[in-house]
Amino acid sequence: MSEDWQSYVRRIEELAARSGLNFHPVDFEAVPDSFMMEIAVYGLPVRMPHWSFGVRYIYQLIQRHMGNSRLFEVVFPGNPGHAYLAASNGLAENVLVTAHVLGHADFSKNNMLFQRCQGQVSEHIVEHAANHARQIQQAIEQYGRERVESVLDAALALEQHIDVDQELRRQRYPEYLSDAKPIVDDDFRKRFAKLDPAAAFNFTEVKKKAPVPPHPERDLLWFIASYAPDMESWERDIFLAVREESFYFYPVFATQIMNEGWASYWHARLLREADFIPQQAYLDAIKCHSDVVRPIAADQQVSLNINPYHLGFSMWEKIIENEGLEAARTIMQQDDDFGFVRNYLTRELADELGMFRFSARSDGQVKVLEHDLTALHESVIHHKYNFGAPSVAAKHVRVDGTLELAHDHTVDGRGLDLERSRRVLEYVHKVWRRPVILHTVDQQGSGLELKTS
Amino acid sequence: MEDRSGTSSPSGLTKWYELFSRGARDWLRHDEKVRDSVRENLPQIVAGADVINDTAKTVRVPVRMLEHYHFRLRKPDEQQGAGQGAAKPGDVLQGPQRQRGAGEKGPGGQDEGEVQLMLELKIDDIVDWLWEEMQLPNLKARVGPSEETDWIREGWDRRGARSRLDRRRSFKQLVKRRGNPNAIPTFTDDDLRFRQLARRKQPAIHAVVFFMLDVSGSMSDRDRKLAKSFFFWVVQGLRREYRSMETVFVAHTTEAWEFSEPEFFQVSGTGGTVASTGFSKVREIIDERYNPGRCNIYLFYASDGDNSMGDNALARDTLRSIAQDACYTGYVEVSSGLSRQLATETGRLYAELASSGMAAGSYALNDHDDVWGAVRHFFTAESKAVDT
Chain P
11 MSEDWQSYVR RIEELAARSG LNFHPVDFEA VPDSFMMEIA VYGLPVRMPH
61 WSFGVRYIYQ LIQRHMGNSR LFEVVFPGNP GHAYLAASNG LAENVLVTAH
111 VLGHADFSKN NMLFQRCQGQ VSEHIVEHAA NHARQIQQAI EQYGRERVES
161 VLDAALALEQ HIDVDQELRR QRYPEYLSDA KPIVDDDFRK RFAKLDPAAA
211 FNFTEVKKKA PVPPHPERDL LWFIASYAPD MESWERDIFL AVREESFYFY
261 PVFATQIMNE GWASYWHARL LREADFIPQQ AYLDAIKCHS DVVRPIAADQ
311 QVSLNINPYH LGFSMWEKII ENEGLEAART IMQQDDDFGF VRNYLTRELA
361 DELGMFRFSA RSDGQVKVLE HDLTALHESV IHHKYNFGAP SVAAKHVRVD
411 GTLELAHDHT VDGRGLDLER SRRVLEYVHK VWRRPVILHT VDQQGSGLEL
461 KTS
Chain B
4 MEDRSGTSSP SGLTKWYELF SRGARDWLRH DEKVRDSVRE NLPQIVAGAD
54 VINDTAKTVR VPVRMLEHYH FRLRKPDEQQ GAGQGAAKPG DVLQGPQRQR
104 GAGEKGPGGQ DEGEVQLMLE LKIDDIVDWL WEEMQLPNLK ARVGPSEETD
154 WIREGWDRRG ARSRLDRRRS FKQLVKRRGN PNAIPTFTDD DLRFRQLARR
204 KQPAIHAVVF FMLDVSGSMS DRDRKLAKSF FFWVVQGLRR EYRSMETVFV
254 AHTTEAWEFS EPEFFQVSGT GGTVASTGFS KVREIIDERY NPGRCNIYLF
304 YASDGDNSMG DNALARDTLR SIAQDACYTG YVEVSSGLSR QLATETGRLY
354 AELASSGMAA GSYALNDHDD VWGAVRHFFT AESKAVDT
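Sequence lines, in order, name chains P and B. The numbering used here applies: residue 11 is where the first sequence begins, and numbers increase by one. The numbering used here applies: residue 4 is where the second sequence begins, and numbers increase by one.
Hints should not be assumed to be uniformly reliable.
[Claimed, not checked] Heads up, incomplete: computed chain B residues facing chain P, CB under 10 Å, no partners named:
1. Tyr20
2. Asp29
3. Pro92
4. Arg292
5. Pro295
6. Asp372
7. Asp373
None of these hints come from the bench; they were simulated from the model. Heads up, the beta-carbon is just placed ideally off N, CA and C, and yes, glycines get one too.
Isolated chain B (complex conformation) (with noise of 0.2 Å):
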């Protein structure tokens, strides 16, 4: 009874309360399991964000709280309660509103009020979640030195230049070998850390890669946003692995354009679909710029496979062409209205491509939910072909 512990601490005794928080500790874990859970579903939530016309760094992902799942009743339509104040039988306290019903849903919507979280993700981060979750291969070079040196940091020593000072090494040290930590801290020169450089070998691969996409009518909007969040992903992940790649963008209808990336992110088009003028386009394009003897040429082309009936021909013999000069030609077909799993008329020629021996693939992109077996399926194949 006459212990007032709380009250008079002695001096000095800090109580364990002031140093730890067992709330912060458990909401942390909540926010690891939300990460992982997050990251378990990384193929779906970015294929289906809204990414393309960001410029932005970073995707956000909306998550909710996770809810500790308890037996519940289910949600009656009506549910009685007791209340206090001003208020006769018959009086309506709140008329219907339309936005509560919407969090009834899934669980987790009722009690407590809804809480969202909004998750920030790094490009640069999910794209390495993902190589690695996917095991991507490394892409094989044909031509070219295959490796190219760099320097990069790696370690600290306790000399070097000035400019390379690490100061917050420094200080770690400084703080390790101060037995007094009320003394003034003065650095010693056996404290001072400096950063290190080493040479690595660094994957070289000069290459071009040209993403070719279908704008014509018949390309409904979605088809378009599946077949660019695909090339989205293709051009981030290529870029981290290779730095001295190149990037051509071809659009097409009847008639064929190049853009810059930002700009074939936004395009729109109508009019019927000439396949063979964007085949064409990269050829001259290959022929102008680049030489197939020294530079690794990649073609992605993405198209919901109606081709204007004569030009057939011409297509196939523009796209043999392009297939002799390049690593490899690959076709994603989008078709998110119907699924004809690449029967149609472009199917076909990447198949004959294929079939005579070329290094060429397809995939069929119904869904957002695809967008990342499309991207499998392109680099295991690549990986293979470039191999054999």
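One chain only, chain P, in its complex shape (with noise of 0.2 Å):
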């Protein structure tokens, strides 16, 4: 990375500070592209092997040597921030990411999603990634690959199953239903009070205990860490490390378009008016803006994804544009991508940047649908409920231990994917130890239950 870079880093967080970012400090680091290549992977710059990273990992190669995509920088969130830059970027290009990352170091210093879930992990998730990864390369050593391995298998399968309403560092449920206390509006006890008056005051219910789970429980990690019958003390470890991490991934993807969209309009907004940058630079940093932004692939008429890059930078545009800075900020702080889209993707604005809604039927037919803002939200937003998984919960455990899942298929609007979720309760079988039950629909819609041998 060349020394002019340097020399602009400064300048261009002072620039930042004044223009009313609140960042922590931010670690720059140039990495080698094999490597960028590899964080993009996994999530996090040092995190536990498992051989699906390794799936991702080729398809990764391939999507690069397909020239589809190119990663300029990595960020990840805490104090101090760490960015890590391609090593193959030019400067212009450096220039624009570092704009870009002050801008992503403001968004999850301050939004509260982040504030919450950094609370919970701490603010150093890097060094705790890499804790885990070590502790379960010790494993390895200790208890050997295969049993490991079958470990993972369970809690990365079920990583999207936790429940950021709750604290990372959960208390078990109390054992006993609320406190015994005594009863006495109770006809037959009027009556019996009346034959023996000095009994009826001691009258308290026996303690009862409370059913495991009381609801049904969807942090499927926390439930099976905390209740597997017969899960050894790493096995349940690991599954809260797994835990841990998606508590970190959580925000990040809950507020993808939003974060993205505000470190876009950053780095533009920076970009325009740092005038320390030579002309060329500042030239070819905003042709590289306009690629990273664009909607829709150079040589297509459309497209059926959504950009979020372009969608948030388009949004925040508009809002800063119509509500000013403060109130933009304010926006920024209090929502996630539910909130943001839905109340600030205006039908005036879906229509600027042509966004149409479509159905994809099972033989590739792709077809326009008429213009409903409403469902056009939904359709934006609708793969993010519940961090992209279904509804299934923890039920109920059986005297014998045999664990029981359900699936709300009333929310999710269908039945489950059958083959999968059987292989899934195959891997959840082998730290559970016992029977796994899974309720959920069929096509038809009637109930089905799938069970392991």
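Hints given; two lone chains; assemble the complex.
Laid out in structure tokens, this is it:
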């Protein structure tokens, strides 16, 4: 990386601070493209080993060979934040990326969802994840690769099944139902009291064991780690390590449109205002910007995907233009993508951006649907509900230890893919070590029970 | 903030990520899992593979990348999404496409675009695995010396003929000895390593194996393919166990012919079935070329079991005369259509033969999955027969 860029970083940071951005310091590091790719595959610079990452790695490699994707930066929030820049970036790209990273740093420090999750996970997720990787490596040495792998098969298969509304370090359920209290308002007891007034006042309900779980539990990682009848402690630790990383990933996932849009808005704006950048670098950077926020590939008329950079960027521009920067900052602090899209993606803006809804039939036919703003909002965000996973909850543990999972098809609108579900049950069975049952519905909508052998 | 370590890493220090790729490590693990699962299902996979018409030494098996399963919703018939660009309500952006539906059958078909790996397996390796996996016994000789010796490579030594210098080993020695990695490498005599030869006993069986196939009209293409794939794996297996093995290939309808191996695997015919012609041909070849006193004779016959009415007596006699000279005679009944379980004329011939104390056995081959069952059946049975 050139020394030129070095000299700009500080000035861009000063400019950002003057423009009202409020961020923790960021450590920049230039890394080879191959390592950038691994960061993208694993989601974290150092993460636990698992063969499924190998599959993603190959897909990434293929993508890259086809020239479909290029990564400029990956940034991890924290105090300090860590930003990894591709060593192949040119000066202009690095200038742009620096500004972009500061936008992310501002976002992750001030957005409340990020604040909450970072409050739980700590501001050092990069170090935590590296530590998990090390623990798991030790487990592999101690218990063998096969055993550790089967625990990771289960834990990573359930990685989206957490409950961020609960604490990261959750207490176990209370063992008994609410405290035993005297009961008097009962016809039987009233009459009984008449017979023997002395006995009646001592009448207290026997303490009742609370059922486990007391309510359907959607944090499957926590539930299994806490209540599996026969799991070893190192296996529980692996489940909790995966869960902690999921707590970190959730805000990144749930604010992608806002966050990328915010960073894109700020890199564009800081670049415009940075009079110290040479003309040529500025032009190159703007060119790079327009490639990043381009909604549709150059050789296409339409796209069946929404580019979150473009959507977020356009929305923030509109909001700041109409309501001012202060209001925008408030929105940035308080919303996630669900609220952001529903509240601020207006009919007018959607038309301006040429957004449409479509339906794709299983035979491949794709048809554009009528305009309907509410439905459009849903189409943009529906894949993000519940961390992108079906609503599966632990419902009951039977006396013999059988775990009953239930899929709420009324929320998701249809049943689960049976073949995949069966495989997931097999993974879970290996750590739960008792039968595992899953309730869902079939194609016709009638109830169905999958069971491990 | 000031620590921009990546840009000014002290010279001489290499970052760990330049030396090690997690992605590659996990990919190798994935690969290993694929190979394991292929190996577990090898008998099914190779039995179904179209190897016979191929003179190549490898079998290519298409495999999908493994999927790490998650809970997913069932794929809906119709999916809604959001897009961007120049499109009006009612526009059809893509017509129905045929090939897209194909990927939906199994899991793993839908996301990320399908990538298929072609796993190339050497036939030699497969046979190794299978022989090991199925624990097939070695054949035992009835006549002739049971072992012969041969030279094979074994170990290294500091002295040896120049022609057996192992350069790779020698270089390793040089590297081990050398203290300073930057010095120019110079070999000394102590570094040199020579491959050594050792005398090793090899089982030696002077054997001839007859493969006889019914190619009459009643055998469907599928039947023939099944029988050939059984023969193919038997030949592969036997050939690697016994170096001095001869093979004879005979096919018959109402007549019988001897074929070379490649021709045999291509042959097809029409017409009726007269099994005795085949047996007579085998008999004739034995008499001409192989002395039962000095040679172990095996016969494997594949047919659908239908023999023409008047031929049974003759077939029985010829078969019996061969069986008396042979170490073992086996019969595979290929009946992909109806599973008659050996209740056929030819089936009965062999049953009689076995019950009269001769080394004979039968197996009903209905499906590709049975091919290895058949191989196992004959080789286990054969070794018992020879043992007793």
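These are the hints, each one checked on the structure:
1. Tyr20: OK, holds: Tyr20 (chain B) within 10 Å of chain P, min 4 Å.
2. Asp29: holds (3 Å)
3. Pro92: holds (5 Å)
4. Arg292: violated (54 Å)
5. Pro295: Since chain P brings no Cβ nearer than about 53 Å to Pro295 (chain B), farther than 10 Å, the hint is violated.
6. Asp372: With a closest approach of 22 Å, the Asp372 (chain B) hint is violated.
7. Asp373: With a closest approach of 26 Å, the Asp373 (chain B) hint is violated.
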